[in-house]
Amino acid sequence: MMEKRVREILSWYASDNPGTLTNLARLLTHGKLAGTGRLVILPVDQGFEHGPARSFAVNPPAYDPSYHFRLAIDAGCNAYAAPLGFLEAGAAEFAGEIPLILKMNNHDVLHDEKDPLSAVTGSVRDALRLGCAAVGFTIYPGSSAAQTMYQQCREMIAEAKANGLAAVVWSYPRGSSISKEGETAIDVVAYAAQIAAQLGAHVIKVKPPTDHIEQPEAKKAIEKANVPRSTLADRVRHVVQSAFDGRRIVIFSGGATKENDETFYEECRGIRDGGGFGSIIGRNSFQRPRDKALALLSTVMKIYSGEMK
Amino acid sequence: MMEKRVREILSWYASDNPGTLTNLARLLTHGKLAGTGRLVILPVDQGFEHGPARSFAVNPPAYDPSYHFRLAIDAGCNAYAAPLGFLEAGAAEFAGEIPLILKMNNHDVLHDEKDPLSAVTGSVRDALRLGCAAVGFTIYPGSSAAQTMYQQCREMIAEAKANGLAAVVWSYPRGSSISKEGETAIDVVAYAAQIAAQLGAHVIKVKPPTDHIEQPEAKKAIEKANVPRSTLADRVRHVVQSAFDGRRIVIFSGGATKENDETFYEECRGIRDGGGFGSIIGRNSFQRPRDKALALLSTVMKIYSGEMK
Amino acid sequence: MMEKRVREILSWYASDNPGTLTNLARLLTHGKLAGTGRLVILPVDQGFEHGPARSFAVNPPAYDPSYHFRLAIDAGCNAYAAPLGFLEAGAAEFAGEIPLILKMNNHDVLHDEKDPLSAVTGSVRDALRLGCAAVGFTIYPGSSAAQTMYQQCREMIAEAKANGLAAVVWSYPRGSSISKEGETAIDVVAYAAQIAAQLGAHVIKVKPPTDHIEQPEAKKAIEKANVPRSTLADRVRHVVQSAFDGRRIVIFSGGATKENDETFYEECRGIRDGGGFGSIIGRNSFQRPRDKALALLSTVMKIYSGEMK
Amino acid sequence: MMEKRVREILSWYASDNPGTLTNLARLLTHGKLAGTGRLVILPVDQGFEHGPARSFAVNPPAYDPSYHFRLAIDAGCNAYAAPLGFLEAGAAEFAGEIPLILKMNNHDVLHDEKDPLSAVTGSVRDALRLGCAAVGFTIYPGSSAAQTMYQQCREMIAEAKANGLAAVVWSYPRGSSISKEGETAIDVVAYAAQIAAQLGAHVIKVKPPTDHIEQPEAKKAIEKANVPRSTLADRVRHVVQSAFDGRRIVIFSGGATKENDETFYEECRGIRDGGGFGSIIGRNSFQRPRDKALALLSTVMKIYSGEMK
Amino acid sequence: MMEKRVREILSWYASDNPGTLTNLARLLTHGKLAGTGRLVILPVDQGFEHGPARSFAVNPPAYDPSYHFRLAIDAGCNAYAAPLGFLEAGAAEFAGEIPLILKMNNHDVLHDEKDPLSAVTGSVRDALRLGCAAVGFTIYPGSSAAQTMYQQCREMIAEAKANGLAAVVWSYPRGSSISKEGETAIDVVAYAAQIAAQLGAHVIKVKPPTDHIEQPEAKKAIEKANVPRSTLADRVRHVVQSAFDGRRIVIFSGGATKENDETFYEECRGIRDGGGFGSIIGRNSFQRPRDKALALLSTVMKIYSGEMK
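Residue numbers (this note's numbering), protein chains in the order written: chain A, 113 to 421; chain B, 113 to 421; chain C, 113 to 421; chain D, 113 to 421; chain E, 113 to 421.
Rather than coming from a laboratory, the hints here were simulated on the basis of the structure.
As the structure is a prediction and not an experimental result, all values here were calculated from the model.
Wrong hints could be hidden among the right ones.
Which copy? The list can't say, so a pair holds if one copy fits it or any two copies do.
Said to hold, decoys possible - Think about it this way: if two alpha-carbon atoms lie no more than 30 Å apart in a straight line, the pair counts; the simulated DSSO-like pairs of lysine-lysine are: (1) Lys116 <-> Lys144; (2) Lys336 <-> Lys226; (3) Lys226 <-> Lys116; (4) Lys370 <-> Lys226; (5) Lys332 <-> Lys144.
Okay, chain A solo, but in the shape it has when bound (with noise of 0.2 Å):
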């Protein structure tokens, strides 16, 4: 029998299709957090977006896509996300073995301009023939070409919907009118968030919040209401509640490898006491050996599930 709180995530999903629920039932009732509304994602679009040496060269086996399939399989993640190559290159071989997540737009560092534009590079016939339960797209808010994304964004949310298939997006604040310290402001990310919920996502991928305010007109509203964010808690809390009063799954991004595991834990258990719904973990993970990078999973996992204070 399902796990009644998958059933209650569900429910705040009753616009969509039964398609489109059994693929987010997918993911939510797959690995060591099935059942438990919490997910752990492994993503693995660096080499596209960073590089290879950036990405890898700190742990060599993961030059192979074969590897991020093992890791995120023996980790016991929800799913595993990355883009159309690294997909092809296993999705036979790990069939039927985790989720995945076309990751369908991406973006290089070779042309690093202000105001980025990612480029399609999947689409929803490829997420159906490699058999994935959920297509992935990022937008830069803040970028001057944010609304060819959102565009492009929503006609493949739609077009996945109408084939059964999930939708997450990475809503990444980014473009010349943002400062680097607003691209991880509450207001900014919480704004972030919002925006991803208006165009139809069902999971949306943050990063962490800082206590930072962008926006004057956001910050005179904050402060007025007295909304608290001095805990990572705290700030999350206003994410999530940004996403449609919680009725839609926030993860947050762990970004670049912390220098310290207990930095990394703390961090997550400031999500999930915010009531974040989970962490989507790549350098952190992937940029170490496999054992250490297993450890660190089982923990996280641990903390999401609450085995682990």
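Add chains B, C, D and E to chain A, keeping to what the hints say.
Below, chains B, C, D and E without anything else, positioned relative to chain A:
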């Protein structure tokens, strides 16, 4: 990690894309028989095929489509197969709980012609929006309308494969060229399995064969080659061999309600011992009270898993 | 460098695009007869056409689709032809080892009507995704359903040519208008070859003709012109002449298993001496143990290459 | 029987259909290097890319498109790659003699912008009608027009795969964000290989990398991980590793005509020893007299086959 | 019987279907130069390109579209080329009297940008319904809009070929990257011819080249190879060689009205002696009274046929 037997079975379908392999894997890794390479599927198309009273009056809760979803889930079947309406009536509520098979064509007996042609009552798009793992299609080899059904079947299989779904073919010889006895004759059932395999089916459903031989030319060949056919296991072995030397999944229908459960179990043992991949059990399960159905299905699964002799 | 004879044959097809010429060249330059302008093709559609036991019980390893791929490859045939299911079951494993021909329509004998119509069981898209060099299509001139088959055939040939594939037509007179003896009558076989050529076939497969003449008007013409027909070579010469004066590739079916191999070799010599382009040998090869099949095919190829008298 | 190495390489592309595997096999089993897993391809797109006199005046017979077909065939190259016009000018005459690659986009220097965008000058349908085994596409990572090219590239690859063709990507970093030296920097070339692989390329063509590192972040990663880069073999090893740990075919361009053949051979040895899959040699072969070109290509092939040190 | 020279020319286009060859043959076998392999074509697109008064005020009957049909027919031109409107105004009246070429894109000077892009003003369907033998398309290599025009051109050529039409490309270097003198520089004209040929053109129209060399790299190559360029014949020879070593039909525009007819004849002699295939003569014919135009065209044809020195 996926069981070796499942990987072995998937290796027979190397022409298919990872999406189709993923959905085949879903059928093979769900329920109590997950990973054994055996399948027990609950099919409920009798409401359409035979009419509601003939199908459900003996066990009135079965008029409710939810009943069958729950029965299949609680019994630990590998999948639940039904026509469009029955699936639509529960696919959202039970999303993610059991692999679904959309029965794509159906035939009723209000007009029961000698050479039947089923009506196409579903589409691949329906299967995607309902979250199905596979589509199902019935052909009647021996009917004067067989060519039409073969062509419809092939087109649906092609579309299913392009969209990453698996294809199940019900191959039931029937029509003016075949005697009643011939419909389950060993040569005819084996031929029906071969035709379904040649049309590109991943899973083939036939009736348990008798030792009757219908076609004179087949009789000569079978007798000359001394093909054993005295036991059901022998006959199943010939049918499985006829489906690409066992490289296609062949399952057997339970047929009309058996007087005696032991007769039914004996049949399952024969299927198992002859190398059959399992059973598709409708009337023998839903035409009795739920607890008795669960008991029967449990016993059948123990027979297939080898837990029971 | 390509052999002159192959270039000469290709020159007959100058209306075709280079893609189709390339695939015709593949058929003519593969295997032991590569470059001779002669072909020996292994066709295995009998599982569908006659049923599995009649086809394979005499040599059980032949139930396995891999068996035929290996037989065709090891024997050095020019190509292997089969229906969708048989090709799908080996096309990935044996990719690139032998040119494939997708048999696009098929007929079974569970309903064996007097005026047969084969079901379309494959498509040009299937042929492309399976890596085929050609598509194959059967027409039954003389059947009351012939017009339907001619039209289907023509459409498939047109689509094949637009996509750079070659087209092989099995032209087997049959139906209520033709006597049993007439099916192989010299006038009827020659007429069948002409029809296939007129439909745009690149390669035409007919049965070896007898000296019977079926149609009274044809009898008058043949006798008036003193067309020689006493030897098989004579009759083959007339059939080849009837296919655009030898400017279309005409090959001959091996038919049912011969009692005596020498009879079969004698037939091949007749085909060769009459200017036939080769044989398509199914039952005479796969209905005997593999080593004997290899020996027979080797002898046949020596006859066609001229190495053997 | 197909060589083990070829089967091993094909196993990396298990997501692809048998048609695409067949065409990949064609590239790997043609010419003098057939079966070695190494490739030497003749590409002639310089007429379009650099203009006719710069390309052919030094060896006037090379103005004739037939010249290049013959050179590639006689030298025993694995394939011949060219734009539409050059292929159309010989594809019928040389049908079946060598695998062809249709170069799908092209760029000329009459308008030579800093951030180049190639024009799409061919289609998958052209490739099918011309009998090509693969399509080729150029991307310029680092150009401000890169996103457009990635998207065009991905769409063509998707269409090629659906039609059973293989896809070759020329990945040449270039544009206003990259220094001239950076175009062949080890980090940039490795990144370019990764991007092509992520876009779904089967075969990736890059330039031989120098030991320069262009991007500061990559410099840190490469130095921290002590990635060896003092010899060409070292650098090639890093690039090949960056293309899915060697699970994608990476070949290297010969570049402008070398003053000294020994320099060129030394480069080929470096590519071979670093695990590169071969070379794509245009100007160094067709910009010298035919006999000298044949001699050079013969030596290069001996180096790749291991026959020569 | 068709003249050998025409057959020879058609043999260069062996990738094309017989429909396209038929229409090429129509161009080559009509008018006074029929069968010589030379062409004189009347093009009248100046009304669109330069405006009506600039084009026709000097010879008012030329405002009437019928005038040009009659002129081309009476002069014995091989074909008449014009935009949609001009052809529609006479195609019925003169149906069957002269091969027509539909000019598919056009550009006016009311908005005369530095980097021009012509508008697509016709379609292949228009060409078919108007009975055209060929379509014509203008590209401006050197324009920043060149990529767009190449892509449009390629698509139209592909569609024309699929429908059995021939394709004529006007290749006129122009744009911000090229000096005024460079537009007719020998290297640039040769390059423009090469690009058109690579895009799949059957007939290429360029301007007569001067001995100026625009590109430094081309200068090096041309001087190193001692490519003769002192006479127009020399330069035409280089351009024709640049169009697939003379295996594509290259014709030359007459340009603006010459002061002196003898100058014009001299130019034609240069084209002829350099191996050019003929001229496309607009303004020099229709911007003078009809009788003088007929006289000029007659002389030009005599030069091309060799009747006149």
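Outcome of the hint check:
1. Lys116 <-> Lys144: Classified as both: same-chain Cα gap 17 Å, cross-chain 22 Å, threshold 30 Å.
2. Lys336 <-> Lys226: Only across copies: Lys336 and Lys226 sit 28 Å apart there, 33 Å inside one copy, limit 30 Å.
3. Lys226 <-> Lys116: neither (45 Å within a copy, 49 Å between copies)
4. Lys370 <-> Lys226: For Lys370 and Lys226, only the intra-copy Cα distance (26 Å) is at most 30 Å; the inter-copy one is 39 Å.
5. Lys332 <-> Lys144: neither (42 Å within a copy, 36 Å between copies)
Checked against the numbered hints given earlier, the structure breaks hints 3 and 5 and satisfies all the rest.
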